[in-house]
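Visitor: Protein chains in written order, with the working numbering: chain A, 1 to 169; chain B, 1001 to 1563.
The set of hints was computed from the structure by calculation and includes no laboratory data.
Predicted, not measured: the structure shown is a model, and the values here were computed from it.
Careful: at least some of the hints might be erroneous.
As the list claims (entries may be wrong) - Here are the simulated lysine to aspartate or glutamate pairs, DMTMM-like style, with alpha carbons at most 20 angstroms apart: (1) B:1165 x A:92; (2) B:1330 x B:1174; (3) B:1262 x A:69; (4) B:1246 x A:92; (5) B:1248 x A:92; (6) B:1248 x A:67; (7) B:1520 x B:1438; (8) B:1262 x A:67; (9) B:1246 x A:67; (10) B:1167 x A:92.
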Amino acid sequence: MPLIINQQRAELDSWTSLLGDESAGGEEVLSVDQLSGDLLVSWEQWQKNRPALLSHDGRVGVKIDNDFELGDLIEDLDKLSLIALEFPVFSDGRAFSQARLLRQRYGYQGEIRAVGDVTWDRLRFMHRCGINAYEIAEDRYSDEMLEAFQEITVQLQGAADDPRPIYRQ
Amino acid sequence: MYVYNEREQQLIEERVEQYRDQTRRYLAGEIPEDEFRILRLHNGLYIQRHAPMLRIAIHYGLLSSKQLRKLADVSRTYDKGYVHFTTRQNVQFNWPKLEQVPDILGELATVQMHAIQTSGSCVRSVSSDQFAGVVASEVEDPRPWCEMIRQWATLHPEFTYLPRKFKIAVTAADEDRAATQVHDIGIRIVRNESGEVGFEVLVGGGLGRTPVIGKQIRPFVEQKEILSYIESILRIYNMYGRRDNKFKSRIKILVNAIGIDKFRELVEADWEHTRNSELRLTDSEINRVKSYFKPPAYEHFDGSDAGFENKLKTDPEFARWVERNTFNHKVPGYIAVTLALRVHSENSNNLLGSRFKATGNLSESQLDAIADLADRYSFGEVRSTHEQNMVMADVKQSDVYSLWKALTELGLARPIIGTLTDMICCPGLDFCSLANAETLGVAQQIDERFDDLDYLYDIGELKLKMSGCINACAHHHVGHIGILGVDKNDESYYQFTLGGSATKDASLGKVLGRSIPKEKVADTLEKILSVYIEIRQEDERFIDTYRRVGNAPFKERVYATDH
Ligand code: SF4
Chain A
1 MPLIINQQRA ELDSWTSLLG DESAGGEEVL SVDQLSGDLL VSWEQWQKNR
51 PALLSHDGRV GVKIDNDFEL GDLIEDLDKL SLIALEFPVF SDGRAFSQAR
101 LLRQRYGYQG EIRAVGDVTW DRLRFMHRCG INAYEIAEDR YSDEMLEAFQ
151 EITVQLQGAA DDPRPIYRQ
Chain B
1001 MYVYNEREQQ LIEERVEQYR DQTRRYLAGE IPEDEFRILR LHNGLYIQRH
1051 APMLRIAIHY GLLSSKQLRK LADVSRTYDK GYVHFTTRQN VQFNWPKLEQ
1101 VPDILGELAT VQMHAIQTSG SCVRSVSSDQ FAGVVASEVE DPRPWCEMIR
1151 QWATLHPEFT YLPRKFKIAV TAADEDRAAT QVHDIGIRIV RNESGEVGFE
1201 VLVGGGLGRT PVIGKQIRPF VEQKEILSYI ESILRIYNMY GRRDNKFKSR
1251 IKILVNAIGI DKFRELVEAD WEHTRNSELR LTDSEINRVK SYFKPPAYEH
1301 FDGSDAGFEN KLKTDPEFAR WVERNTFNHK VPGYIAVTLA LRVHSENSNN
1351 LLGSRFKATG NLSESQLDAI ADLADRYSFG EVRSTHEQNM VMADVKQSDV
1401 YSLWKALTEL GLARPIIGTL TDMICCPGLD FCSLANAETL GVAQQIDERF
1451 DDLDYLYDIG ELKLKMSGCI NACAHHHVGH IGILGVDKND ESYYQFTLGG
1501 SATKDASLGK VLGRSIPKEK VADTLEKILS VYIEIRQEDE RFIDTYRRVG
1551 NAPFKERVYA TDH
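Isolated chain A, as found in the complex:
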């Protein structure tokens, strides 16, 4: 799947997703000792396999649903190099709040990746909320879509990219 990171097409994705991966144990205990590299797991997988994931050779990322209570995750932020946020459909905007809270309120420094219904016309809002990586469906990707980040250059209110409203800029 095409991937945009920091407003550019990224050729390589270092992350291996273990989400729903039966051979790796699905939702259950993972056999992490056989795996290396950057692993993306579900919140449940992370809960059940913490020590193994932390000691494996590579980084760890967690994907959360958009009704997930962030409070549970805050303690772990410094151990995670990626948080994937789910945008299930084009009309659903819950993950915008999650992104902004992670980036702006909790100061998360790692990669925040939008997955699911991620297309041209919401990229700028996602960016403003602190998301810096975007997984785009093959048939919706085009190089032109990178223009999305420059379409509107004026920001009246603050967000994760710049907390200052226009009257403080």
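Starting from the known structure of chain A, fit chain B with the ligand onto it as the hints suggest.
Guide: Only chain B with the ligand this time, still in chain A's reference frame:
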């Protein structure tokens, strides 16, 4: 009036180009239908029964004569020569072509108008009191606060994909002409015990399928923290509002489901983080925005104008109009004038071939004429009202007589403001794809039945509101008398509710009984009013009598003869 600076102007121009490109990609098949639907709604474009409908924002109802002329111009060039003013003080074009919408928006941007967030599940334009700034009793002018909220909400990256639409109203006067209790957030400018000005915040009001009166979430928010408080409310709503069922997704449902106390707790826990942040307003910003709403250059008069007083004595028709259609101004020698944009049968040349003109509709020539009158008599500004009329707020008393003559010519001086035929009426089956029943023809029936002004005045203040479906765009639940169109086997029927109010003493109307066929609507109204006339005491308005006696006597009369 507020004027965009260079950067704000740049924003609306960039938005036009962004939308132009979205339209291009949609027409090229690069954006799927259901996705474009959301994108066009964010920019005010509906697809209606007959054609697209484009809603343009008029923030807190304020319009310059230049903007009026541009609306006239656009309606001539791109539409059928008239526009429709809505109950949220916005304006609609009813027949634009989808491919031309970007050009229309480009035209409008030249006079600082746009369609940003006028529909869709986002924060809509902020509405307010049409007499803001001229009401003697208001704590302060609410419009600068509306403007600050507008700026905060415009293209807000976090809150543009909410569970559902979100409407905010701000008022500063006791009478509450902005209907703050039936908005998602209602803001009242108040003074606390120590004399400090701030905001009482209400949340979770709304009409539609499940009408609810808003609840107070905080009695007092200091001025500089109003944006942070609203942001916290929106965040809780965005995260917890239901998204599985369109009819249960407004904030009122969330507030009712978890209770106002729990909702408040969530908001205030979030507010611990948002208050005292960059969102805090600064003195210089508050003063900057307020500077655009300074009173215009009023002339000094010691009292009422003698010529005006004289005309009141000698011209009873004029006097009658002044009594009905004008409003006291806080500055001596000035008056605020309401233009009646009602359904009426005279003077009509509309395009549906019918004899009546719909509530809130103005033709391009009327728009131009109003712009000229505004320049001549009211500092070049007009206001659209929640009741779908228009106001010239700053007219010299010595000019009122000439203005009245001119408005009479234009068919905008029917002396009916506040009476039964000053009804709010949504477009209904003729224009709206969601409608269950016709409204305009019924409004005409009512208008024709109640054309005796003495009778109308005898009935006195009466808010009649009629919606063509349960979406309640005409706010029938808060009409003293509300009429809801329903569909029974493909026939339009009408359900009456009595006892609603949108002002300070807000209440929801109660259903009178089973619905009534179309040809009986005016009869039914007449029966209801005859009961009122018989049993009212002293100066009781209809709503007062209703509150004293309840539904029963009205119900008895209306359904009696059917047995
Ligand atoms: S109340 Fe119903 S019929 Fe009337 S304008 Fe609204 S959606 Fe359309």
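Visitor: Each hint should be assessed against the structure and marked as holding or not.
Guide: Status of each hint after checking the structure:
1. B:1165 x A:92: 13 angstroms, holds
2. B:1330 x B:1174: Holds, at roughly 15 angstroms.
3. B:1262 x A:69: 16 angstroms, holds
4. B:1246 x A:92: 12 angstroms, holds
5. B:1248 x A:92: 15 angstroms, holds
6. B:1248 x A:67: Holds, at roughly 17 angstroms.
7. B:1520 x B:1438: 14 angstroms, holds
8. B:1262 x A:67: Since the Cα atoms of residue 1262 of chain B and residue 67 of chain A sit roughly 18 angstroms apart, the hinted pair holds (cutoff 20 angstroms).
9. B:1246 x A:67: 18 angstroms, holds
10. B:1167 x A:92: The hint holds at about 19 angstroms.
Checked against the numbered hints given earlier, this structure breaks none of them.
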